[in-house]
Amino acid sequence: MKSELRGQTSHKTGMAPGSLVHVGNVHAQQVRISIMDYSKDDVNELEITSIQELLPYRDSETITWVTVEGLANVSVVEEIGSMFGIHQLVLEDILNTHQRPKFEEFEDYLFIVLKGLDAGGENFSVSYEQISLLLMANMVFLFKEKKDEVFAPVQQRIRTSRGRFRSLGADFLTYSILDAIIDQNFILIDSLDEAITVIEDQLLAGDPSNAILNRIQRLKREIVGVRRYVSPIRELISEMLRSESPLIDEKTHIYLRDVSDHAIRIIESIELHRDIISGLLDIYISSVSNKMNEVMKVLTVFASIFIPLTFLTGIYGMNFEYMPELKVKWAYPTLWLAFISIPGVLLVYFKRKKWL
Amino acid sequence: MKSELRGQTSHKTGMAPGSLVHVGNVHAQQVRISIMDYSKDDVNELEITSIQELLPYRDSETITWVTVEGLANVSVVEEIGSMFGIHQLVLEDILNTHQRPKFEEFEDYLFIVLKGLDAGGENFSVSYEQISLLLMANMVFLFKEKKDEVFAPVQQRIRTSRGRFRSLGADFLTYSILDAIIDQNFILIDSLDEAITVIEDQLLAGDPSNAILNRIQRLKREIVGVRRYVSPIRELISEMLRSESPLIDEKTHIYLRDVSDHAIRIIESIELHRDIISGLLDIYISSVSNKMNEVMKVLTVFASIFIPLTFLTGIYGMNFEYMPELKVKWAYPTLWLAFISIPGVLLVYFKRKKWL
Amino acid sequence: MKSELRGQTSHKTGMAPGSLVHVGNVHAQQVRISIMDYSKDDVNELEITSIQELLPYRDSETITWVTVEGLANVSVVEEIGSMFGIHQLVLEDILNTHQRPKFEEFEDYLFIVLKGLDAGGENFSVSYEQISLLLMANMVFLFKEKKDEVFAPVQQRIRTSRGRFRSLGADFLTYSILDAIIDQNFILIDSLDEAITVIEDQLLAGDPSNAILNRIQRLKREIVGVRRYVSPIRELISEMLRSESPLIDEKTHIYLRDVSDHAIRIIESIELHRDIISGLLDIYISSVSNKMNEVMKVLTVFASIFIPLTFLTGIYGMNFEYMPELKVKWAYPTLWLAFISIPGVLLVYFKRKKWL
Amino acid sequence: MKSELRGQTSHKTGMAPGSLVHVGNVHAQQVRISIMDYSKDDVNELEITSIQELLPYRDSETITWVTVEGLANVSVVEEIGSMFGIHQLVLEDILNTHQRPKFEEFEDYLFIVLKGLDAGGENFSVSYEQISLLLMANMVFLFKEKKDEVFAPVQQRIRTSRGRFRSLGADFLTYSILDAIIDQNFILIDSLDEAITVIEDQLLAGDPSNAILNRIQRLKREIVGVRRYVSPIRELISEMLRSESPLIDEKTHIYLRDVSDHAIRIIESIELHRDIISGLLDIYISSVSNKMNEVMKVLTVFASIFIPLTFLTGIYGMNFEYMPELKVKWAYPTLWLAFISIPGVLLVYFKRKKWL
Amino acid sequence: MKSELRGQTSHKTGMAPGSLVHVGNVHAQQVRISIMDYSKDDVNELEITSIQELLPYRDSETITWVTVEGLANVSVVEEIGSMFGIHQLVLEDILNTHQRPKFEEFEDYLFIVLKGLDAGGENFSVSYEQISLLLMANMVFLFKEKKDEVFAPVQQRIRTSRGRFRSLGADFLTYSILDAIIDQNFILIDSLDEAITVIEDQLLAGDPSNAILNRIQRLKREIVGVRRYVSPIRELISEMLRSESPLIDEKTHIYLRDVSDHAIRIIESIELHRDIISGLLDIYISSVSNKMNEVMKVLTVFASIFIPLTFLTGIYGMNFEYMPELKVKWAYPTLWLAFISIPGVLLVYFKRKKWL
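Protein chains in written order, with the working numbering: chain A, 738 to 1093; chain B, 738 to 1093; chain C, 738 to 1093; chain D, 738 to 1093; chain E, 738 to 1093.
The following block holds chain A by itself, in its conformation from the complex (with noise of 0.2 Å):
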């Protein structure tokens, strides 16, 4: 029952800060760098295994994008950080995994962290992924933890765009990525609906059973976890836009704005999704109410109707000597006469008080 979202801890508690030390769970063994390199012009593409070959890309007029895929190599993050002068703290907070939302401002550089959401299949278990970015002047650092195609529309986009995007620096790619990211969650938002839509269907046609509950509590615990990674993307770009560091272009500007409204309705829609699921949990909650009434009036209906013929049958079953009713030959079928009529006077009292 221990989900991913819990487990907090630091493993380096109780170390010095500022030592390297990859924390979180190993996505991915092999670590992958990828770069991209594109001016107005040209686009080139490789794979590179060393640090030392970034070296020329560091003082290009040309933009480029470098991709690091798995952190479990501490020494890429390390190598890094010496070459391009980032400071110690920000190499930590790319390799701890549980970092919240944030953006820094450094004299050359911008830091941003925040977390790709994937809502997993059809049991909306949503699994995160930390990803990190560092915008330079012309160079763009993103930093995850697994391997998968989140930003090949992006990269596609560079490949085909002639002019508008590569015309544009650094910035407009890192909004690129980010609005990549934060669209992600548009699709989490469609699964976890569709989630919710078979617990109503369940709730609505069979009865409420603790499989049910189980899955409304869950389903709630997902949702507080995924706000608690989304929510503090609003501030994040806020920040962004506030910054008056030369690597943020005025022109960028609107389209952080653009970013920042899909954040807010992203936020919006997880908020309303907590109050449907809320509403599940009364109609959850009244179900069971409304099972144990039905249980408790099928109960009554049956001993209110038979045991007070019970009792008359048991009159007539005593032994006295003098009852001169068991002589009397119309008493038998007299009796019959009762046990059938008083069901029928019954029946009425509780199809009027709408028992039945």
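What the hints contain is simulated information worked out from the structure, not anything from laboratory work. Just to be clear, a hint being listed does not mean it is correct.
In silico negatives: residues of chain C with every beta carbon more than 10 Å from chain D [to be verified]:
id, residue
1, Q789
2, T804
3, M873
4, I1077
Using 30 Å as the maximum straight-line C-alpha spacing, the simulated DSSO-like pairs for lysine-lysine come out as follows [unchecked claim]:
id, chain 1, residue 1, chain 2, residue 2
5, B, K1028, E, K839
6, A, K1028, B, K1066
7, E, K1028, A, K1088
8, D, K988, D, K777
9, A, K1091, B, K1088
10, B, K1066, C, K883
11, E, K1088, E, K1028
Heads up, the beta-carbon is just placed ideally off N, CA and C, and yes, glycines get one too.
Chain A is fixed; fit chains B, C, D and E onto it per the hints.
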């Protein structure tokens, strides 16, 4: 069970930002573009089919109100965008009908997007229509999803008003449009009020059924949805008031504040109704408990009266050889006395406990 | 069940803004306009029928308090508006009785609108009256829906006070009027207190019925309504204090702060009572559970005692040929021993479980 | 059931503002005015009967602390007001004992009003006393409702302290008084803690009765009341710290911040206890449910065991002529086997379901 | 049941402010004072017994870390206070172990007080230790209640780090200490997580008992306590960052921000766990209801099947002279058919209702 409200996924996820696609349900297949051009002395109304016909109005002194109904034809928005120099992201927002209400300020124009709400008959299933406004110096563009008569009163005022309205600028026209959209919500709230009254009456009269619970939950959810689109309007107008754009005249401020007051009243009404619905849920749950209580009382009364009596008949139904009472002549009538007096005593007891 | 509070639709929906129509219930068919004109040395009171009679007071040095009771006659408000240059929207607000309390500042006058509340007897069904104030240099206009004596104490003070009151300006008069309106709410809270005490006593004495639940819900709703109109008063007065209009003298500030204190005390009292009522709901729900518990105990005691005994009688009511006990002389009395001792044992057991 | 807390009506409602009347319960019929006049070298203590005796202290260099106990005699406050030039509304606030804690700044004096709280024995029924302070250059007036020894420790310190205390100004005296008032609340919280512990023990030991529920509700309400008067103290002291009045020396700020820390600790403690009490309510409600569960189990066990057995005896109590079993010799003992084994089986079943 | 958390009374209530008394539980009878004096090149560690031995370090250039473990001996704090010119109220705060986390700025030193938390084994009963820090130009005083090894890692770093750590100032040492204290909380949260997992497993496996309810409540309460001491840390560090004291170097800011991030993560984790525990309570309450439902079903099934059958046997147990069925040979076997078929029909019915 999947409501219009929840499906919020941008179908564009994964696409490059800046590509114009209509996102949302298609409410009107055919686009209708109508123009209302007026000055202090004159009003002209016409429908156009080609965007090129707008050209003469661009630079004229008169105020021109262009209404575009139906968003399925993306090229219409695109052409307007390029003719009037509208930012790509604004055009996207116009076409993507999942926007939150917002206000954006540009050098040459202001962009407002919000939702028109329609209560949709007895069942209170609200339908939403996205309405976008572009306010320029002498022009107002209004983009709607559907063809309807929401703005007929405003048009009527333009036609009939001699002096006042037509001598005021495009910002006053914008205000009038906003006012018409927001005042629609008063009708919505009346409709909501009616729906609640119906449920209340059912709760008081009949018995608590799962159907009522579902209706309460559905209302609750609709209100959450309405709130989501109405509450940002307050902020939207605040931003308009704070804006220092020359496109909004100082004199129009008092009118905007009036709209803002209306919006606040609507938001408060919605909050009030949310509270009332929560109260209904409490009453519902209490009713279920009370019903159960009542059932239990009936069962208890029946069982408590007849079980002891049956025990008595059981005693004298035994076949022991030596049961002196069986021979006594008055035993049987005496027992009948007990059969009558025991229930009497118990009924008095239950009466005193207020169970009957 | 449709309360005055909820019907908030502007009957004007769809109308052009700026058209003067009275919106709300008509409380007084006939309009009464009374004037109180005073200076340090003199007080004049009269009733007028034509707005023209106000003309001489407009430019006089004395302070003039004009009270308009009844809003059904729109033309009265219209004429005052044109005589004193009041903005069209202000006139609309005066006539539309669904306003939230608010303060608006204009060059030549200040506009205040708020609600007078009346607890309305034992049942605590609050009635609301909209009161609008126009504060000018030497005049105060007061518009009310009903004819009543709420401001009699203020009038009395003007008549009797020699020096102090009459030498202070129109702003002090405004303060006195506000003070009178707000202090009415203390009576309202006392009345609410009484209504709660009645319910509390019923809850403690009798049994929990649906009627009590409905009364609790109704009170809750009334409080929500009261809060809605009282809590903005705090903000209203803050705005008056922040206002830099020369119409409010610096010396009046301390008096306004005093009114503000009263408003805060009232708001806090309302919050306190809301908490108390929520507590009542908890007690109610618990009472229902306790009642059910009690019913169940009675049933269980009866059933558990007599069902085993009946089983015993059943055994010896069987007709087997070979049942040796039936022949034993002491069998029947022995069984009676069981009939007495078994309930004894069970009663002790139930006593120990605190069911009796 | 009507608590001291709730009756908040100003008996002055309807009266002219500015008229001096004592509002509240009369705790002390007789007014006692005591003076403590001290300088670095000397302390004088005396009781006076006429306000005129205060005159010499007004302009002396020494610091004079005047304590007025009992507010029934309005003229005392009135005379002090006119002798020291206190604003009419301040005098009203001193006399009306329903004030919220607040701080007001005037040119020549500062006005502080707050509540002294007393837990009042085992039952935790808090009593409130209004304490008003007037801080002038060399004088401090303290108005109390009751005669008690709350400030004895402060007086003792003045008497015994040689250097430090007596060389500090009237603001330090004010601080000491505030400190004494606020530290009283720690005792209150201990008392509350004890009351909660008693309830907790009862809940764990005995069974959930309505009496416990009422006690929980009463505690909850008392806490709401305490919170109401304690939480504004934080703001009060913040305002004193922000004040730029020369009457509060810069050096006293650190002491006031210390008092503020105490106030925050008390407020947090109160919040904590509110949470604890809500938890008690949850436990109470759960206990009721558990109790019901237990009752139901007993009923079910009894009924499920004996009802089938009684059915068996019923079969062989029938009078059919052709019932071969009745003749079989071992039938009766065999049936006894069933009478013993059926309950055995059922008991094992119930045991496995953990009902026993 | 009275937890450490709640007893908050200052034993000093009634005492003069400024008198030094140790308030709180005595954790360490004997005071231990240890010194760690280091410069870039050298580290000295020693224990001292007299405060006088600190004198040489006061004016030396090296950085000196003085750890005082145990607060029972008031004179130690007093002497340090007078030797280094610490304000009386700060000394009091060090000795009174009921402080909220806070930061105070003085001319020559900064004062930080916060809580070290320890989860305390399986039961998750958190124990709190107050830790006070005095940061001066070249000295750091650390006051603790207990003797433990919380800061061993920091000491180790000082001993082993050649260049970096030891060349940074006293503010970096302070940061390292804060970091160590706050990172302790990650362990606490893991421990909390484990405690919750245990309860979850019990809830899913076994049945809902009062013991589980009590454990849930206790956890909830512990979390409230933890939150109380952890959440102000965020504000504390914000104040340190806003402080313009020269004692905190600009370069240390990024480290403090890092600590702040950790604190936020911990606070969010706590909130998350609070939500989870509330969810557990919901599951608990639902489980109780479900259990009751199940009990009721068993009772209803038994009663509904056997009560009608018993009635049948009652009929033929009657002693009427004229009951023709009694003579029919096949009557008895026919009845057995009914005895078998009636339960069959009912069982199918109950099955369809999903009661079995």
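**Report entry** Non-conforming hints, listed in increasing numerical order
**Finding:** 5, 6 and 10
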